Each structure stands twice: as structure tokens, then as C-alpha cells.
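Novice: Residue strings, one per chain:
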Amino acid sequence: MPLLTVENLRTYYFTEKGPAKAVDGVSFSVDKGESLGIAGESGCGKSTVALSIMRLIKGGKVVQGNITLDGTPLLDMPIRDFRRIRWERISLVSQAAMGGLNPVYRIGDQIVEAITTHTKSKKAEAWKRAEELLKQVEIDPSRASNYPHELSGGMRQRAMIAMALALNPELVIADEPTTALDVVTQAQVLKLMRGLQRELNVSIILISHDLSILGQTCDRIIIMYAGKIVEMGDVQALFREPRHPYTKALLSSFPDIKSESRTLTVLPGSPPDLIDTPSGCRFYPRCPQVQDICKAKEPTIIEVAPKHYVACHQVKGAS
Amino acid sequence: MPGNPVDVFTGGVKLTVEARQALIERFGLDAPLWEQFWRYIINAFQGDFGLSFYYFPKPVWDAMMEALPWTLLVILSSLILQVIIGYFLGATAAWKVGTKTDSILQTFSLAIFSAPLFWVAMILLYVFGFQLDWFPLSGCFTAGATYSSPLEYIADIMKHAALPIIALTIAQYASYQLILRNTMVGVLKEQYILTAEAKGLSESRIKYRHAARNALLPMITFLGVSFAVSIGGSVFIETVFSYPGIGKLIYDSVLCRDYPLLQGCFFMFSLVVLVVNFVVDIAYMYLDPRIRY
Amino acid sequence: MLKKSNLIEFWRVYKQRKTAVFGLAIVAVFVLAIVFAPYIAPYDPSLRIGAAFESPSWQHLLGTNDIGVDILSELIYAGRISLMVGLIAASLVVMTGSTVGLISGYFGGVVDEILMRMTDIVLILPRFPLMIVMAAYLGPGMWTIIFVYSVVGWASLARQVRSQVLSVKESTFVEASRAIGAGNTHIMTSHILPNIGGIIIANGVMEIMFAILTEAGLSFLGLGDPTHKSWGVMLYFAQIRGAFLRGAWWWIFPPGLCISLISCGFNFIGTALNDLFGLKLGKR
Numbered sequence: 001m002p003l004l005t006v007e008n009l010r011t012y013y014f015t016e017k018g019p020a021k022a023v024d025g026v027s028f029s030v031d032k033g034e035s036l037g038i039a040g041e042s043g044c045g046k047s048t049v050a051l052s053i054m055r056l057i058k059g060g061k062v063v064q065g066n067i068t069l070d071g072t073p074l075l076d077m078p079i080r081d082f083r084r085i086r087w088e089r090i091s092l093v094s095q096a097a098m099g100g101l102n103p104v105y106r107i108g109d110q111i112v113e114a115i116t117t118h119t120k121s122k123k124a125e126a127w128k129r130a131e132e133l134l135k136q137v138e139i140d141p142s143r144a145s146n147y148p149h150e151l152s153g154g155m156r157q158r159a160m161i162a163m164a165l166a167l168n169p170e171l172v173i174a175d176e177p178t179t180a181l182d183v184v185t186q187a188q189v190l191k192l193m194r195g196l197q198r199e200l201n202v203s204i205i206l207i208s209h210d211l212s213i214l215g216q217t218c219d220r221i222i223i224m225y226a227g228k229i230v231e232m233g234d235v236q237a238l239f240r241e242p243r244h245p246y247t248k249a250l251l252s253s254f255p256d257i258k259s260e261s262r263t264l265t266v267l268p269g270s271p272p273d274l275i276d277t278p279s280g281c282r283f284y285p286r287c288p289q290v291q292d293i294c295k296a297k298e299p300t301i302i303e304v305a306p307k308h309y310v311a312c313h314q315v316k317g318a319s
Numbered sequence: 001m002p003g004n005p006v007d008v009f010t011g012g013v014k015l016t017v018e019a020r021q022a023l024i025e026r027f028g029l030d031a032p033l034w035e036q037f038w039r040y041i042i043n044a045f046q047g048d049f050g051l052s053f054y055y056f057p058k059p060v061w062d063a064m065m066e067a068l069p070w071t072l073l074v075i076l077s078s079l080i081l082q083v084i085i086g087y088f089l090g091a092t093a094a095w096k097v098g099t100k101t102d103s104i105l106q107t108f109s110l111a112i113f114s115a116p117l118f119w120v121a122m123i124l125l126y127v128f129g130f131q132l133d134w135f136p137l138s139g140c141f142t143a144g145a146t147y148s149s150p151l152e153y154i155a156d157i158m159k160h161a162a163l164p165i166i167a168l169t170i171a172q173y174a175s176y177q178l179i180l181r182n183t184m185v186g187v188l189k190e191q192y193i194l195t196a197e198a199k200g201l202s203e204s205r206i207k208y209r210h211a212a213r214n215a216l217l218p219m220i221t222f223l224g225v226s227f228a229v230s231i232g233g234s235v236f237i238e239t240v241f242s243y244p245g246i247g248k249l250i251y252d253s254v255l256c257r258d259y260p261l262l263q264g265c266f267f268m269f270s271l272v273v274l275v276v277n278f279v280v281d282i283a284y285m286y287l288d289p290r291i292r293y
Numbered sequence: 001m002l003k004k005s006n007l008i009e010f011w012r013v014y015k016q017r018k019t020a021v022f023g024l025a026i027v028a029v030f031v032l033a034i035v036f037a038p039y040i041a042p043y044d045p046s047l048r049i050g051a052a053f054e055s056p057s058w059q060h061l062l063g064t065n066d067i068g069v070d071i072l073s074e075l076i077y078a079g080r081i082s083l084m085v086g087l088i089a090a091s092l093v094v095m096t097g098s099t100v101g102l103i104s105g106y107f108g109g110v111v112d113e114i115l116m117r118m119t120d121i122v123l124i125l126p127r128f129p130l131m132i133v134m135a136a137y138l139g140p141g142m143w144t145i146i147f148v149y150s151v152v153g154w155a156s157l158a159r160q161v162r163s164q165v166l167s168v169k170e171s172t173f174v175e176a177s178r179a180i181g182a183g184n185t186h187i188m189t190s191h192i193l194p195n196i197g198g199i200i201i202a203n204g205v206m207e208i209m210f211a212i213l214t215e216a217g218l219s220f221l222g223l224g225d226p227t228h229k230s231w232g233v234m235l236y237f238a239q240i241r242g243a244f245l246r247g248a249w250w251w252i253f254p255p256g257l258c259i260s261l262i263s264c265g266f267n268f269i270g271t272a273l274n275d276l277f278g279l280k281l282g283k284r
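Residue numbers (the numbering used here), protein chains in the order written: chain A, 1 to 319; chain B, 1 to 293; chain C, 1 to 284.
Source of the hints: derived by calculation from the structure; they are not laboratory data. It should be emphasised that the depicted structure is a prediction, and the values quoted were computed from it without experimental measurement. Please note: incorrect hints may appear among the correct ones.
As the list claims (entries may be wrong) - Cut-off 30 Å, straight-line C-alpha distance, at most; resulting in silico cross-link-like pairs (DSS-like, lysine-lysine):
# : chain 1 : residue 1 : chain 2 : residue 2
1 : B       : K100      : C       : K4
2 : B       : K96       : A       : K61
3 : C       : K4        : A       : K17
4 : C       : K15       : B       : K96
5 : C       : K4        : B       : K189
6 : B       : K189      : A       : K61
7 : C       : K18       : A       : K58
8 : C       : K18       : A       : K17
Build the full structure now, drawing on both the sequences and the hints.
Specialist: Here you go:
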């Protein structure tokens, strides 16, 4: 049985002009110990998926859907009980470099807070554990007495990871964890994450707009566009044989040092209005392979190869 | 300055020429003006502000030193209360920003802030002093009383200081509430608040220990300004409650045209404000780990 | 900027805030009452109509004071003084402060340095004690109060106007204007002024509130004009003529209540204007 299942999730934000359908019918699952990546451009809804799982949506709500953790439904749970799930079973790593850590408390204190809130540990024990965790993410444990601004961007991010692992959660959601870091630091952090994930057998949902990161770190990838899933599959399959036009465009927009062309393929247009969603396939205004049917009917997700799913009228089914 | 100081001092009583000359020399009024000013500054730094006209021959310094502690008691106690009340109300308003609670808190506090301080004091005195008899009507302690223990003394002092402190607090807490609320609304949008919530922390913990704590700094900076304003306010409070602090001293010296006393008090006020601002800067450094000199 | 369509739009947004409308209403009521004082006040406040310290009755809705003057009448006429002093003092402050801020911010350099030093000095001194000291030297009276308030009060507005001018000055459309060869006056009037107009008006309204409160305070301390009674002066007399001892609540409450209400009114208006102009400029 998968660790986490998300069924038909719809999360809308309230705006003056009507609800913005940030996530509009998303279903997927995550297995134990699996690393799942969610990719897509800004505003496609990937962060909203993460926030919906953690029930941290502000200015909007989950209007429909079922999310279960190990069989237990999460969305209807009373918030007091759900607080026990938070961090103990699912934790969140956000962009530390951009203020994910509270600037007025020491790193150690913030990790200790997570521990003492959920367990009966005393402060001293918790502090020791915090130091061990920092060691695990390759930070000198004496830095626990430092404030966030005294650490480099990469160290801060690793400290956040350490904090996320404090209670041995089953699932860690990492939302753009390396976006603000330079490439070298990025690689370090990703390698660390991959290593920890394997060692501790933790499931990860890694969210990024950067497909190359996901390619290195994940087992499976979901591509989202305008609140819907357009393609989902094993990382190898997806990279070698992308089926959805959007995925193809994403992959080809990376400058390849070995390729012969000198220009970047750019995807024309911009993402659709989430309030006034177009009929039919959400991608049709920008799709190079658009047909009449695309404008009229929304494509459903079909399995085109084992464990490889696509939502596009142009792609034929597996059988 | 209207009128020759000597005439003011003597209250217009006619003096003989010699007596007048003696007084002029005594007060150094025969020296050129700039020299008088210079001597005043030098003396001031040595604590000599001259002699009070009204309380003659009591030195101005003594009169001020007797009054200062009482004023400080009221102002400092009130500031602490203002910060505490402003902190909790402001945090609640920010947490519920945009809702009715927020609007009601804002409006209510703004309305109270519009009422003149001395009038609030008058009402408190009238209702709780005269009508209900819960608090004494004047002074900083009961005159001529003997106390069986220091605790009784403190209790008496607090009973006399209570209304002034309450009046000052009511009139001025609103700024703190407003400042905290406005800063905190910005803080609540920060990522670390999301992290705190994701950590499963309780609402009050996030509200006070994460959000409000980060919004604290402008409030602390405001303490300096607030202190200066409170000092101005103390003139009214002490007048209404007949409380013998520096404010009342200023008021009396205005009534009696006691210029040395007035100048001395003014000098003292400015000095105290500077000191408090300095202390506030130090406190700021302590509270924000990002600023360490 | 003062086009009719702008004003209509402005009113539409303004109307949405209940406090702002309430504030406007209160101020309007007071202004009307004050202007039509001779028709509204039941008696002539300079005449001793009744017995001393009479409590409220149908004849004297707010009772009488220590010399038998009808308090309600006194109250209405006192509003004229309170409001007038407030408006004049506030206008002076706004004019001085904005001019200093505008010149300082626009011309910069030595002029800026000098003006800012002066501003700093004024800002650092405790306002009320300074006003009290100055008023003591100058002798009590309405114009003394207006004067001391202006001397002490212009600095804060100058600061704010200056920083706004600076930010507009650096903006690209001013650069563009200059590139076309526009002169200083033109830039000042057509670019800078419209953009600082908002802060000036919003702060101006708040200044009226502070001026009224300050006048009340200074008058209460005896620095006002006993022959031109404002609400503050009424309270001064209440205090020294023994209203407390006589339990004359009808003398103590109403003047203070009037001051509070009108201040509250200006406060609400000013706060709303502040928010609205801040939003329009995209700042905050």
C-alpha cells in the first residue's frame, strides 16, 4: 500500500474576481521510501499541492479531494490531531535562504522547539539530538548556537533539512529547496538529500521548476500545468520518452552543451488565467500539436506505458 | 524674558538701590549676557541650576531631585503596561487581520487615543476618586502617616500612583497596538511562520513567540519617542492628581514665573530623554541578533 | 488630479470605510453647530443666567458653572475657538513643514543639510515641555498657543515630505522630464506636488487633531485666553473653580467629550486618507 495517496484534489484560492483554481483535480500516490518530484512553471499549482497536504492553505481552501497517509484520511481530521501528524509524520522543507528559519532564534533552539513540542524530551536531550541532526547534514554541531544569518545559504538549507528530520517523519515535502542557491551548493544539498533519503528510507516529495534537479534526485516525476497533471512516470521513462508536448518543451528548453542548435527553444505564450479557465485542454493555446478536439474536450489521464501516464488527446493509449 | 529677573523675584516689592544692586550681583546679572549663559551651562553640568524663586532658597537641583523619582515611577510603570497591552492587543489584531476583531480593536483604540490625556485623568479622578472613593485624591503618599512595615509604605505609594499610571496607560497604549499590528501583518507573510505552522506548533505559540516577537523591534524603537511624549503628558497627569513630580513642578513654575526652576526642569527633561533613547538603542541591539556592534 | 471623475472615484472608495464616514459626519455636525451657534445656543454665554453650579435641568441642559453661566451655550461657542485655533495652527504647521520638506528634498546639498539639522534639533526636544516654557515666557493667549504649536510642530511633517520628495525625484518620469529640458518650477509643480499632495492632506488632517488636543492641553494648564474660552479653557476653569469638589460632572464631562469626539472624527478621517493615499501610491 502506498504511503500517501492524493485523490482528485481541488484547491481554490479566493480572489475578488472569483475562485482561482490553483489545483483542479490532481491524483497521485507516493510509496514508502520513494522520491517523487513535481515539476512545472510558477503558478502551476505544485506548491499548492504541498500546502494542501499539510493543510496550510491561506486565503483559499481544499474544496474537494481525499488525502490519506497510511490509509488514514487527513483532510477531515480535527486540527488538534492533525498537529500531531505535522512534523511527526510529514514535515516541510521550504526555502531557508529566503526566510524559512526564524531570524531571532538560534538554529538549535528552533530544532529543539520541534522536538519538545511533539515529544516529552527535556531541553538538554533535545539539544543533543539537534546536534546529532546537524552532524547528519554535515554541519558542525557547535553551530547549533548560531543564528540563521550567521550561516551561509547552503548551511541554512541543510539546517532546515536537519530540522525536518528531527522527529523521523515518514514523508518530507521539499518545496524549491535549492532555488536560491548557487549551482555548486545546490549539487551538495541535493546529494545530501538523496543520501539521507536512501539511508533513512524516508519518502520525499521534491517540488521544483527545475527539471534537471528532479532528474538527478527523484525516482518518479509528475509534470503539472495550470493546476492539472499532464504527465507522470518513472524518471528514466519521462526523460527518454516524454509524451506530452509540454514535457517535451520543458526538456528541450535546457541548453544542451552537446546539441548542435545554437538557439533555445522557447515556449510561446504564458500560463492561463486560473480564474477563468479555458475550456478543453488547458495547454492548447500554447501547444504546437493542437487540434480541434483539444479546444473542446479536456483530456483524461491514460496509462500509455507501464506506470507512465499522460493527459493529451494526441497520445495514443498503451493498448 | 519679560521683566527684569530681579523684579520678578522680588515680586515687585520696592527695594532700595543698594539692596537691588546686591541682588543683581548675587545673581550675576551684571555680567554680559553671553557670560551669564555660559556660566549657566557650566553650572548645569555640575548640577547647579541656581536657586528656585518660588521655593527660595531651595536649589533648583534639590527640588527637581525630590520630584523626579515620583514622575519616573509613574512613567516607567505606565510604559511597561502600555507595551504589554499593546503587544497582546496588537498581536490579536494582526492575527485576525481583515476580520471584525481587527476593525473593532483598531477603531476602539483610535477612539480612546483621541481623548485628551488630562480629561481622561479628570474622569478617572472624578469617578474613582471623588465618587467611589477607591483611590486617594492627591499626593504620592499619605502625608504624615507612619508605616508599620516597608510593605505598607509601598502599598500606600502604589495606591497614590495607581490612577496616574492608569490614566497615562489608557491614553497612550494605542500607539503600541498600532505599531505592533502593522509590523506583524508583514511578518505573518514570512516563510518562517509557515515553517512554524508546519511544525505543528500551537496557535498561541506561533502568534506570540514567532510572529509578534519578530514584530517587536519597531515597538521598542518607539519606546524612546513614547517616553518623551509621556514626559510631556506627566505635566497634565500630575496637575490633575496633584502628584508631586517634575510635571507638577513645571506647572507650578509656570504659574509662579519661577524661571530658574522652569529652565532647570526643561534641561532635566531633555537629558532624561537622551538617556532613555540610549538605553533603548542598547535594548534594540539585544533583541535583534542581526545587529551586534 | 482634481478632476471630477477622480473625486467621484475617491469618494466611492472612501465611502467604503465606515469609520471614515463616521469621522466626516462628526466633524460636519460640529462645524454646523459651531457656525450656527447663535441659533442653537439657548443663552448668551457671557451672561450669568442662572444660579451657580446648577445641575442639568430642562432650563439648563448642561447645568451652569460657578458663576451661573449656562454651560451648553458656553460649550457651543467654545467650539468656535477650539476649532479655529486648531485649524490655524494646523495650517501653519502644514505650510511651513511642507515648504521646508519640499525645498530640502528637491534642492538637496547645503540647503538640505542646514534645514535637516534644524529639523533634527526641533524633533529631539520634548514638545510639550518646550511649548509650555515658551508659552510661559510669551504670556498666555490664543496666538501664543498658535505660535508655540507651529514652532514645535513643523519638523515631523517636513521630514515626511522630504523623504517623499526624494523618492519622487529619483523616479524615472522626473528624469525624463529633465531630459526634455523642463525647468525646476515646472517639475516641482507638475510632478512632485501631485505626488506629495496625498501625504500633505492626510497629515494635515491629523495635524488638526493634534492642534486641537494641544490647544486643549495648554489651555487647561492656564496658558489659554480666559476671555476667549475654548473647551480647554472651560476645563481649566472647571479644575480651579472647584468643579470636582462640587461634584459638577456636567461641567467636567461635556467639554472633554467634545474635544474627544472632534479629535476622533479628524483621526478617523486622517487615518482613512493615509491608507487611501498610501494605496494609491503603491507604498506601504
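Novice: All hints, please: hold or fail.
Specialist: Now the hints, each set against the structure:
| no. | hint | result |
| --- | --- | --- |
| 1 | B:K100 x C:K4 | violated, 33 Å |
| 2 | B:K96 x A:K61 | holds, 17 Å |
| 3 | C:K4 x A:K17 | holds, 27 Å |
| 4 | C:K15 x B:K96 | holds, 23 Å |
| 5 | C:K4 x B:K189 | violated, 38 Å |
| 6 | B:K189 x A:K61 | holds, 17 Å |
| 7 | C:K18 x A:K58 | holds, 27 Å |
| 8 | C:K18 x A:K17 | holds, 23 Å |
Hint compliance for this structure: hints 1 and 5 are broken, all remaining hints hold.
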